[in-house]
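Chains as they are written, first to last, in this note's numbering: chain H, 132 to 396; chain P, 299 to 1091; chain U, 1096 to 1263.
Misleading hints may appear alongside valid ones.
List of simulated lysine-lysine pairs, DSS-like, C-alpha gap at most 30 Å [what the hints assert, rightly or not]: (1) H:Lys-189 <-> U:Lys-1212; (2) H:Lys-301 <-> U:Lys-1212; (3) P:Lys-752 <-> H:Lys-301; (4) H:Lys-353 <-> P:Lys-752; (5) U:Lys-1211 <-> H:Lys-217; (6) P:Lys-404 <-> H:Lys-377; (7) H:Lys-301 <-> H:Lys-323.
It should be emphasised that the hints constitute simulated quantities derived from the structure, not laboratory data.
No experiment lies behind these values; they were computed from the predicted model shown.
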Amino acid sequence: MYEFTYHRPGSIADAVKLLAGDPDARPMSGGMTLIPTLKQRLARPTSVVDLSGIAELKGITVSGGTVKIGGMTTHAAVATSAEVQKAIPALAKLAAHIGDNQVRNRGTIGGSVANHDPAADYPGALLGLGATVHTDKRTIAADDFFTGMFSTALNPGEIVTAVSFPVPEKAAYAKFPNPASRYAMVGVFVAKGPSGVRVAVTGAGADGAFRHKAMEEALATKWSASALEGITTPQDTLNGDIHASKEYRAHLIGVMARRALAAAG
Amino acid sequence: MGFEGIGASVKRREDLRFLSGRGNYTDDINRPGQLHAVIVRSPHPHARITAIDTAAARAAPGVAAVFVGEDMAAENIGGLPCGWQVKNKDGSPMAEPPHPVLAIGKVRHVGDPVAVVIAETKAQARDAAELVSVTYEELKGAPTLEAALKPGAPAVHDDVPGNVCYDWHLGDKDATDAAFAGAHKVARLELVNNRLIPNAMEPRAAVGEYDTMSGEYTLYTTSQNPHVIRLLMGAFVLHIPEHKLRVVAPDVGGGFGSKIYHYAEEAIVTWASAKVKRPVKWTAERTESFMSDAHGRDHVTVAEMAMDANGKFLGLRVRTLANMGAYLSTFAPCVPTYLYATLLAGTYTTPAIYAEVKAVFTNSVPVDAYRGAGRPEATFLLERLVDQCAIEMGLDRVEIRKRNFIPSSAFPYQTPVALQYDSGDYGATLEACLKAADWAGFEARRAEAKARGKLRGIGISTYLEACGIAPSAVVGSLGARAGLYEVANIRVNPTGSITVFTGTHSHGQGHETTFAQLMADKFGIPMDQIEIVHGDTARIPFGMGTYGSRSLAVGGSAMVKAADKIIAKGKKIAAHLLEADAADIEFKDGRFQVAGTDRAKALAEISLTAYVPHNYPIEELEPGLEETAFYDPKNFTFPGGCHIAEVEIDPDTGVTHVVNFTAVDDVGRVINPMIVEGQIQGGVAQGIGQALLETCVYDEDGQLISGSMMDYTMPRADDLPNISVGTAITLCTHNPLGVKGCGEVGAIGSPPAVIGAVVDALKDHGVRHIDMPATPQKVWGIINANRPRMAAE
Amino acid sequence: MPRVSLTVNGKPVSAEVEDRTLLVELLRETLRLTGTHVGCDTSQCGACVVHVNGDSIKSCTLLARQAEGAEVVTIEGLAAADGTLHPMQEAFREYHALQCGFCTPGMVMSAIDLVKKNPQGLSEQEIREGLEGNLCRCTGYHNIVKAIDAAQQVMHGKVKELPRAAAE
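The shape of chain H in the complex, shown without the other chains (with noise of 0.2 Å):
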């Protein structure tokens, strides 16, 4: 690691200015991708603001049919909150099986959505719920959040103060993990209810999770994996690499979709 400052702030107000005064300062949540790639030497922050400090960012609160996560709120948390395994089952499953054990400790959903790792699996849930990611400074719609890999609408220095995440009627997340780094290799979220019918894929995209609209007009019209026969996804916005070509991934969609689809109900 490059030396840098490490500061702790008490609340997003002192965070904000923070990062406001330094444009080469970078916020911390969970830390667990911002340290590995700090000892890697891949970035050189003058200052690391650590956002663990700041109470209001973490818990959960169900009200209204909404499920809102506080940024700073892990993934243990929330993989485990009756609350959330209730409202959205889904949801919570899928936070149990973001990296290992260790990972869900300290990981953050905040860190997660900012940081947009194409591999992520929050970014599946967010499209797939159609939620809505609370900043410091405004309300930010999934569909308009990820611009693509590591790339989303924050602002330099905008922080993530939470998400929100509208009750489906059904919804089901399954994952084919990379071999190796156990990340996500393709990731598909299936899911019934206020937002429409959605299917959010990670892992797989060239630029990050994106929405399968093929798959979503013929689940509109049937809610069956009977309809997601034949379809195909298009191969040339996907990754490829030595675990996964793109043909392969492509195939996968099908497969992980239909089995959400199974788990969904």
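Based on the hints, put chains P and U in the right spot on chain H.
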């Protein structure tokens, strides 16, 4: 002997410290005044170094020194030596280009060390390492066998034409050709043995220290064989006489072969510690391990088996290309030759065998022995080829093996490829394994899996290995530049406790327990009276270390030999004390007894007498009770057995799970069944890893794509099944313990069983062989490309 | 340099660190608690797992300053003052769940957290999945899974004494 002796599953005595965080690994060692070294490595697969500017690094905070290859060359520091010379078909020696400690003039693989930066803290050394400015003129790289052998391929070494290290052969070509000429049928197979990255969990580390008063050097290093490192580094690289060089290998966190070799970093920290007159420590980051630990395997082979009308093997022809990487690692040349082609008879009576092996330099990390070393490659080839033979002949895979087994009455059995097997009973391990795995009931399990939408397959391997390495004269005649005996020194202390100094090294094998059991059994005293010492050239007379499943067969035999000397001397002392003839003294259960009487002296009484020789035959016998033995094995040992794997494939995704794995191995006499079982399970895990998960990938330019655990698939707990291990033993006939070795059998026997199972599961998809690893992508590709033929077709 | 104060194995400690110092560096280099190991640089291997405020975390992926005020437990802090091993340590020994010992501290710390967080008990498959963050290259995991299964019975009070491994 009772509970603690041979055959008892004694709990390991080393566990308490490992479980309490009190292990002492190299990176745990911190010497007073220690500096930290960071190696600057080549980012290019192949390039000329046109300039290195170290001024900025030297000026950086905390930096004590920066050294490059020319600094070492200026002091006449030698290159890293190769310990084995293989000869070409025409008798000329292999190409043996220099292997500089730090690159001089050219870099030949990603990770090739170019400079070392030494600073007060590791962070400072890393900061300064980025300031070393190396100007490269990039050259085209040839990282793979195919690329390096193409006409006009880039020359990895300017003076090695065609990149061929050697072109070697073994066996009788004419007899083999004749066998093929008269064959009823021939089975043919082309296969790849995938390149692996060892990934012992402890990254390599080294601490060098120089005592300016005595002129003595000490190297603490993650090694499987500290005496070998002392010999190679002292004599060939740094020119330090052995009495001024101590090498300590403390607790070592796994080796699997990768920590046998003498590595550049060991020489760098040792040499640099004298330059800067302070201890220098280097610890690899895992990313460095990927690009600097010797890799394993990497063969491309064409093999053919000639058969008669009954499916009896008549002749075997093998052509193999073996990747050496950019330089010759310590034992690299012997791996695809004498540890490989000599195994091609396997458990079968094939009368004529001819193997040709071409070893090739490439722009990749050096390749050397990795768990099994040559023998997994031979076994994979042979067992996969035997499965093809079964297909060609329309015979069952078990039946064709039985027809070709060397019968248990045929030992000692001389193979056509140099080895003479001493003992074995391949039918017995086969039958026991078939039973344990319920081979006969498999089709019902296949049908049940099919009902669940899964493709289930079963695979078998009836393998053999040669280990217990090795008779010195034999290996010397084959090009080894070392003897491969082992050394034990046994010190019976005055009050009767025993310290055993062994030249082998334990890095997970549990020697402190097994050897103590062995000695407890031999001396008839409790284990807690016995201490096993290894890993320090200052304490142990000499030794060749641990690899090739040799520690018990060779090192244990040396202990037995030294113990026999102790007992012989003890008898003389006892005879004096008991006023009897030494020939009448029997040693049993820790007591020297006059035969047929109740007159006896305990070992502790004898040892006390030996060290306090007031009443002692001082004219005929020296005081003291300490003996050293060098044991040179008479032959290799030949463990073998049967492995059966059952897999289930998800046809939608291509994911393969090993659902059952059964091994029945003949490892000779078992000292500690618990440890043996653990060794075999660990070996099988690495074999399953090779078969399904692991592979090293270079891109066409020579960049390492699978350069971290994010891309190289390390087997995790949920990738592996329970591994059922049984033994059905025959004794080794030529060592005093009857032991054969168990460290490598798991990794040798399992890959063909797993791939055989995958192929069996996919038998309706038109495949006869799948190269390793059978990844989901590859398996799905096969399923997708070869939909099962309909019955009507 | 900034100072960080925390509790390690029940004892308050305070040390000067750089802002970029990792918790594992503080433990190993400053506090000389070398039982916690570093086996990779991509947060994959789990040799560095310790408990922070009761949760297993990878100490290679946490800045020392993030542990300000935290309760940290390492492998050195598991055994009782009289040397009695934690049931998980004892189970690893009984079931031969370690060979070279390098992954062992992290494996044990992960296993304890896994068992504690699953009072309902874990199946063999759940144990295997729960070890996703820990790599072992020696054992093939077979005996690790057996050890954790035995230890959970003691930790959940199902049995008083650790079930013994089958005798050969």
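Mind listing which of the numbered hints don't hold for this structure, in increasing order? 6
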